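> These are the residues of each chain, in order.
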Amino acid sequence: MSRTFIPKVVTANALLEGDAVWLTEADTWTRDIRDAELLTDEAHADLRLLEAQSRKAEIAGAYLVDAKQNSDGPAPTHFREEFRTRGPSNYPHGKQVELS
Amino acid sequence: MYTYTDFDEAFVRERVAQFRGQVERRIDGSLTEDEFKPLRLMNGLYLQLHAYMLRVAVPYGTLNPTQMRKLADIADRWDKGYGHFTTRQNIQYNWPKLQDVPDMLEALADVGMHAIQTSGNTIRNVTADHFAGAAADEIEDPRAIAELLRQWSTDHPEFQFLPRKFKIAVTGAAHDRAVTKAHDIGLRMVRNDAGEAGFEVIVGGGLGRTPMVGKVLRNFLPKADLLPYCEAIVSVYNLLGRRDNKYKARIKITVHENGLEKIQELVEDRFATIRAGFSGHDQDLLAKIEAAFAPPAFVTKSIGGYEATRLANPAFRSWTDTNLAEHKANGYAIVSISIKKHGATPGDATSDQMRVMADLAETYGHGELRISHEQNVILPHVHKSDLAKVYAALRQVDLATANIGLASDIIACPGMDYCALATARSIPIAQEIATRFDELEIEHEIGQLKIKISGCINACGHHHVGHIGILGLDRAGVESYQITLGGDGTETTTIGERAGRGFSADEIVPAIERLVTGYLGLRRDADETFLQAYRRLGKQPFKSILYPAQDKANAA
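Chains R and X are the protein sequences, given in the same order.
Counting with the numbering used here, you get residues 28 to 127 for the letters of the first sequence.
Counting with the numbering used here, you get residues 4 to 559 for the letters of the second sequence.
Hints may be right or wrong, so weigh each one.
[Unchecked claim] Going by beta-carbon spacing under 7 Å, a handful of chain R positions derived as facing chain X:
#	residue
1	105
2	120
3	124
No wet-lab data here; the hints were simulated from the structure.
Predicted model only: the values in this text are computed from it and were never measured.
For glycine and all other residues, C-beta sits at the position ideal for the given N, C-alpha and C.
From just these sequences and the hints, can you work out the full model?
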């Protein structure tokens with residue numbers, strides 16, 4: 028029995044700012060996970076990761092991570108990844124203020 | 004205080020220039036991240052959850068006012084106006100941009116500071132008793148030795164690729180405020196029968212996933228043998244330490260697997276081989292460094308005004324009761340400035356706060372500041388007649404919290420709010436616990452209590468040696484907090500015992516409240532601390548308080 032592939036997004040840290048970015052279908056990096064490309068096919072996901080990793084002058088440490096489809100776009104499933112979309116909880120710093 | 008020689012200055016400047024070139028090559032794409040990572044780590048630059056993080060060494064926790072002001076300026080110019088003081092007496096900036104880091108390092112070099120060897124498998128910043136040079140219970144100021152070790156270990160060609168990171172702590176006092184038994188090497192100054200000062204050498208302590216209390220390798224090491232002996236230890240470890248498994252690579256495992264006797268034998272052999280190579284140059288250097296650490300010119304003046312203000316101002320009295328320690332000089336006190344205002348992030352100081360502390364050190368503190376491993380800032384030499392003025396200035400910038408050593412003086416690592424390795428958040432838990440005890444207004448009644456929180460098994464928050472330790476874990480995709488009890492990081496170092504199942508983020512603060520208020524009912528009298536009560540009664544009564552329902556079920 029083949030296991031079900033959990034949808035993924037490609038994420039990384041931006042090279043200069045170091046903050047979280049996600050890969051879009053248009054091959055750009057977005058700071059809003061809702062604009063990311065949700066990868067539902069394992070082979071395609073692996074390919075997209077390889078492509079992302081080759082863009083070494085834009086990002087560092089690209090990886091695939093579980094995500095789900097919400098009404099407004101992809102969303103994280105784990106609390107760590109959720110924090111990366113937001114920023115720290117002790118100050119209004121990071122994406123929680125930069126994106127709004 | 005020690006100031007950089009031309010040699011130190013040239014070395015640090017050269018490293019900045021090298022790193023500037025490396026950053027340029029990373030940005031233009033000629034270096035990959037895999038190639039760049041070891042280079043940035045050698046210069047203290049991490050990549051965290053939301054940004055880069057620059058860890059700056061504060062050697063043996065000592066700063067002068069000019070350095071503290073520079074740290075404030077760096078925070079304003081290249082970060083978000085604050086810095087985070089860590090459990091290794093360092094300061095971390097959480098928001099630098101890659102292209103700015105060489106300029107930040109250049110600014111640090113302007114005041115004799117750097118970020119070299121604050122990461123990587125090298126000998127890290129040597130930490131020391133934060134009351135060094137001021138404590139009443141001290142044999143000698145240990146910072147001269149710490150500086151000698153810093154010079155020896157910086158860019159030491161043999162020790163740039165150790166099996167794992169290597170941490171040394173040193174204290175000159177009988178009461179251990181430097182957690183020496185939880186370091187790779189711990190050095191405790193002692194006297195031999197002839198009354199000469201030397202060191203008890205402790206090896207193989209450490210926290211992390213396999214916590215171990217350090218073992219005594221040598222009861223008494225003459226001061227003159229310190230450098231060759233430390234070199235022998237690290238040299239033996241460098242060859243013997245495991246490189247096949249990151250989790251078994253620290254010297255604590257090397258000592259554990261090979262046995263103390265074998266390590267002793269190897270170290271003594273190596274020491275005998277290399278001892279002659281240390282022909283006295285190190286001792287000449289040490290003498291110069293010791294002169295640089297000569298005590299300040301303490302003054303004699305009346306402290307009458309101090310007692311009168313204490314009587315007149317209860318808030319000041321409360322602050323002097325908790326935040327002062329005994330000084331070796333008559334009329335002086337050691338001031339611990341709490342960087343733990345209730346509800347604030349432990350160890351975070353704003354640039355304005357840093358400048359006020361620098362000014363106070365300059366005006367009233369013989370130009371000295373210390374960072375403690377408990378994430379507070381120390382003014383080691385303040386005359387008691389100046390304390391009221393110091394207190395008033397601290398109040399203006401929210402730095403006058405009277406909670407040193409109490410329940411809200413919590414060590415917390417950055418946890419998953421910043422750290423890429425973390426498995427759960429630490430800071431909000433610390434904030435909530437401190438806020439809760441402040442609401443209850445019972446922390447002074449509770450007395451001495453050390454709560455320490457780590458956001459992962461690596462234990463940067465020293466949870467193993469907290470009287471109450473809290474470890475944040477990821478349990479099936481949910482933050483979960485495990486409590487340990489009875490830990491101690493002093494000369495009677497003890498690793499805390501796990502209390503039982505973990506608590507959710509919602510349950511952990513009520514659990515700590517239950518535990519601490521429960522202790523008030525268990526203690527023999529108001530003088531029996533939490534740790535003493537735990538040692539007398541054992542785990543069971545505390546466990547029953549933590550898990551009341553389970554206890555009832557067992558009884559049924």
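> Are the hints correct? Go through all of them and say.
Hint check results:
1. 105: Hint on residue 105 (chain R): holds, closest Cβ of chain X at ~6 Å, below 7 Å.
2. 120: holds (6 Å)
3. 124: violated (11 Å)
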